[in-house]
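Novice: Sequence:
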Amino acid sequence: MQSRLSALTVGILSAILAVTAFGAEPLATITVEAGPHTRMDTPVSISLATVPQAVQGLPLSLQEVRGTDRVTIPAQIEQGWTPKLHWIITGTLPAGQTRTYELVAGEARAERVVKATQDDKFLVVSVGDAKVLQYHHAMWPAPKGVARIPDAKLPLYDHSAFIHPLWSPKGNVLTDINPPDHLHHMGIWMPWTHTKYEGRMVDFWNVGDGTGTVRFSKFLGKTTGPVFGGFQAEQDHVALRTSKGEQTILKEVWDVRVYNVGGPETGYWLVDFQSTQRCVAELPLIQEEYRYGGLGFRATRQWKGPEADYLTSEGKTRKDGNGTRARWCDSYGQIDGQWEGVTFFSNPKNFRHPEPMRLWPEPTNHIFFNFCPSVAGEWEMKPGEDHVFRYRWYVHEGKPDVEQIERIWRDYAEPPQVKVQFKKPANAITLFDGTDFSQWQRQGGGQIGWKIADGEMQIVPKSGSIMTQRDFKDFMLHAEFKTPVLPENIKGQGRGNSGIYIQQRYEIQILDSFGLEPKNNECASIYTFKAPDQNVCAKPGEWQSYDILFRAARYDEKDGKPVKVKNARITVFHNGVLVHNDVEVPNKTGAGQPEGPQPRPILLQDHDNAVSFRNLWIVPLD
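Numbers given in the working numbering equal positions in the sequence shown, counted from 1, plus 493.
Keep in mind that the hints were calculated from the coordinates and are not lab data. Computed from a predicted model, the values in this text were never measured in an experiment. There may be inaccurate statements among the hints.
List of simulated lysine-lysine pairs, DSSO-like, C-alpha gap at most 27 Å [claimed, not checked]: (1) Lys715 to Lys663; (2) Lys1012 to Lys912; (3) Lys1012 to Lys1023; (4) Lys916 to Lys577; (5) Lys608 to Lys577; (6) Lys892 to Lys797; (7) Lys1032 to Lys955; (8) Lys875 to Lys737; (9) Lys646 to Lys689; (10) Lys955 to Lys944; (11) Lys1057 to Lys966; (12) Lys624 to Lys577; (13) Lys577 to Lys966; (14) Lys715 to Lys624; (15) Lys577 to Lys711.
FRET-style restraints, in silico, Cβ to Cβ [claimed, not checked]: (16) Glu1077 to Ile828: 44 to 52 Å; (17) Thr1021 to Trp574: 21 to 29 Å; (18) Glu973 to Glu1010: 21 to 29 Å; (19) Leu979 to Gly927: 19 to 27 Å; (20) Asp1115 to Ile828: 51 to 59 Å; (21) Leu979 to Glu518: 37 to 45 Å; (22) Asn1060 to Met632: 33 to 41 Å; (23) Gly701 to Gln1091: 53 to 61 Å; (24) Glu739 to Arg602: 43 to 51 Å; (25) Asn1060 to Ala1084: 15 to 23 Å; (26) Glu855 to Gly664: 25 to 33 Å; (27) Glu1010 to Leu979: 18 to 26 Å; (28) Gln940 to Gln767: 52 to 60 Å.
We treat Cβ as the ideally placed atom computed from N, Cα and C, and that holds for glycine.
From just these sequences and the hints, can you work out the full model?
Specialist: Here it is as structure tokens:
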């Protein structure tokens, strides 16, 4: 596999558009740290929430820094309130090393793109000219004469909302639908089996009893691009016999992304699959303990008997893998004498990870694979709650290569660290340039008691908090801070405590949390509400940075009074690392002021510690 991956590097590098010397100032500088693992042709992404040009939807390109040269590489921006930049770390990035990129204005192209094309029945995702997978959005009629099922019941087996075929890099079909032994198997699909609603059994999987089914509802988006292509589809999990008759119990969104890596010349595909499910009924859906249900894969009928098997991350096979847990499982077999397979990776954030599996254990049977959390016991899907299931698929030639599979697992479970240094935009308002308090006022009035020295302002304990002279609604904020070096006997909330209060309502905590576990009262937390995704706090006495994107809560007027219709949303980079990604905050935090429609100032908290600040600027977005 090593040689194949090297060939991929050549293929992607052929898409490079330009090699240029130092040019215009970059909008952001991005550093990727391999960490303890070597990376090879690895998909990565980073939020561009605090790059105004990205938020405004302007064309941008990515350049890899190679000495004094800049090499434009294929990159893709996923638009939204918090836009994301995607690209591939091409070739090999050895463990412990870094790569540097610069984000610049302008648009780049790639020779090969991943495209999603749709007709009245199917949506097909292809890498270049090679098909990878096909999604059925139209109803697929159950075939007659395939199984011993009366014609009157066959309409129950009509289905949509599934993937078939999944093609191998050689172009072989790896999935199967409507096999005679299990007419309801539909390639790759994700229904639940033993569930209860209103005390009645609902089976969305074995559709023949007429209690439940899954149907395509609508497309939410389709993507074609140089880094990935795919689709977002909404699906309805429908109970057919409730007290109200036919009723949608779950709304499910599939987000399927095929990456621009691999291909026929390198012998593999890489696919990310995410299912977000929400109970939209009045009562919870009860998931009973059962041996299968959830993400299912029915392989081609050519994979049978000694020409097919399983291999799990724990070394289990067909003979001993059923009902066990694993980080990943490879299903593989022969087509025309050549081995091919699919590895399914379960994300560490998944419910009950490592997930239990259903593997058909019979040595003469076909290949069927299923990650099923219900194997581990009953659970509940409450109304309004999102349940997110994330998987990566590695579609490959040959028998499973454990070393290669583990490398891909590490890329997925322990991705490389990405840090961003943002450039101050030309339209930014300087809040503190190291010279005076002209943009600030003391909370409660009176003279500001903080001191300015050597280009920084420092809290004088018990002198009072300060806040901006003007109010802000939506904005991007950059702030640098330093916690004081204190004796070791000072613990907890007494070590360098301060905070940035957005609109005086929502606190981003400042604290000496160096080396600690991330908690919702430690540094970079949304105080008392959410811990940072990771702790990247520097040592006391070292300068640190916050880059914050804030979207204020939205209000409508009803009966002459403001009524909140959307919660505030916060994105935070701590020392260039994304630690809060578009987090919805339902209420004020800590000692914050009550929520309301009016914009308010930004407050820097005096919490009796000599915390210092410098280089504060803001870009209003409303």
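Novice: Identify every previously stated hint that the structure contradicts and give their numbers, smallest first.
Specialist: none
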